[in-house]
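Residue strings, one per chain:
There are 2 protein chains.
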Amino acid sequence: MADPIMFYFDFSSPYAYFGALKIDGIAEGFDRDVDWRPILLGVTMKATGNVSLAHQPVKSDYAKHDWERLARFMDVPWTLPDHFPIATQAAARAFYWIKDTDQALAKKFALACFHRYFGEGRDITTRDAVADIGETLDIDREELLAAVSTNQIKQRLRDETQAATDAGVCGAPFFIIDGEPIWGSDRLWMIRRWLKSGGW
Amino acid sequence: MADPIMFYFDFSSPYAYFGALKIDGIAEGFDRDVDWRPILLGVTMKATGNVSLAHQPVKSDYAKHDWERLARFMDVPWTLPDHFPIATQAAARAFYWIKDTDQALAKKFALACFHRYFGEGRDITTRDAVADIGETLDIDREELLAAVSTNQIKQRLRDETQAATDAGVCGAPFFIIDGEPIWGSDRLWMIRRWLKSGGW
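Here the protein sequences come in this chain order: A and B.
The first sequence runs 1 to 200 under our numbering.
The second sequence runs 1 to 200 under our numbering.
Keep in mind that a hint or two might mislead.
Claimed, not checked - Residues of chain B clear of chain A, computed beta-carbon distances all greater than 10 Å:
1) G29
2) F30
3) D33
4) D35
5) V43
6) V51
7) K59
8) D66
9) T79
10) I86
11) S149
12) N151
13) R156
14) D159
15) G171
16) G198
Unchecked claim - Covered stretches of chain A, as calculated for chain B (at least 3 residues, CB under 8 Å):
17) 43-54
18) 178-187
Source of the hints: derived by calculation from the structure; they are not laboratory data.
We treat Cβ as the ideally placed atom computed from N, Cα and C, and that holds for glycine.
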């Protein structure tokens, strides 16, 4: 099997939520795996000189309208959370801890985080909220809470974020397929095109 | 005929170049006109808190790669100009002067500006360069040079840029169709969808 498609995202990115709901379905049709890598987008944006939507009221209003209509087109649940954007360290750390033993379960966990945050509009900032999500997937609550507090997993998330920045990730969702960078949930057609033709 | 699709752009935007090559073809199929409105995107971005690609090296590298591949997919000429981005006052002022008597000619002029800048990579900053482009369309050189220097046309461009900012334009190409804002050359599918269904 060819190398997996790299999928970089932040749990606080609505466009990443839309991308996460589709990317594995696209890849499966071409016998490709997808390697999910949550990162701290704020850190990446700071490193690349970008500014948050929170500091761009006009663009932010446009984006809110855009998320709402995209969700309608995709027929997926959508609620703009009261707390947005949020710090996603707890969810991202838990993801990597789960992924190290079970990648498929980690993806289920990530989708459950996205669903709770953007589907139901419920906060996922705290470790307790993340442990709640884990429990719905039969992930041991105490083990998860202990795991996301270790220095090792904190460093892991820093390293993953740095590696993504070094790889040129400057937004989310960001995909790298066979070295080709593709940014945005608007660009899934480009991934399909690459997979079909093996390049361009 | 229903109201025209508003098309806001800056002559220095590669994505606007791609959008400009397609928007009228899409609209024609649905018996819609397109109202082209060049603006000074830098002014709009400053007003909305956005930052230029020039200050975002990683995003800028991604964008350069993206423009090159999009041009290949669309099979249109593409050369990243040595001077980029540029001030586009001269081209935008000339556009409005032409448009006030002949909208179809103004669009031809705009496409010729885009072609010279992004198709051939030649500078279009100066009034002389803009007059050269006008001459290829039998537009009187001296009349154009005089027109783009009046206070009236300078104010016109300021007013158009302000009106676009007030309308929520926060990037280019930016379209407004029956009040619905649609941003980006990636979103032409959304315009088609709107035109087909008369809303969503």
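Tested hints:
no.: 1; hint: G29; in the structure: 20 Å, holds
no.: 2; hint: F30; in the structure: 19 Å, holds
no.: 3; hint: D33; in the structure: 24 Å, holds
no.: 4; hint: D35; in the structure: 20 Å, holds
no.: 5; hint: V43; in the structure: 13 Å, holds
no.: 6; hint: V51; in the structure: 6 Å, violated
no.: 7; hint: K59; in the structure: 4 Å, violated
no.: 8; hint: D66; in the structure: 8 Å, violated
no.: 9; hint: T79; in the structure: 19 Å, holds
no.: 10; hint: I86; in the structure: 21 Å, holds
no.: 11; hint: S149; in the structure: 32 Å, holds
no.: 12; hint: N151; in the structure: 28 Å, holds
no.: 13; hint: R156; in the structure: 22 Å, holds
no.: 14; hint: D159; in the structure: 18 Å, holds
no.: 15; hint: G171; in the structure: 7 Å, violated
no.: 16; hint: G198; in the structure: 15 Å, holds
no.: 17; hint: 43-54; in the structure: holds (count 5)
no.: 18; hint: 178-187; in the structure: holds (count 5)
The structure does not agree with the numbered hints 6, 7, 8, 15 stated previously, though it agrees with the rest.
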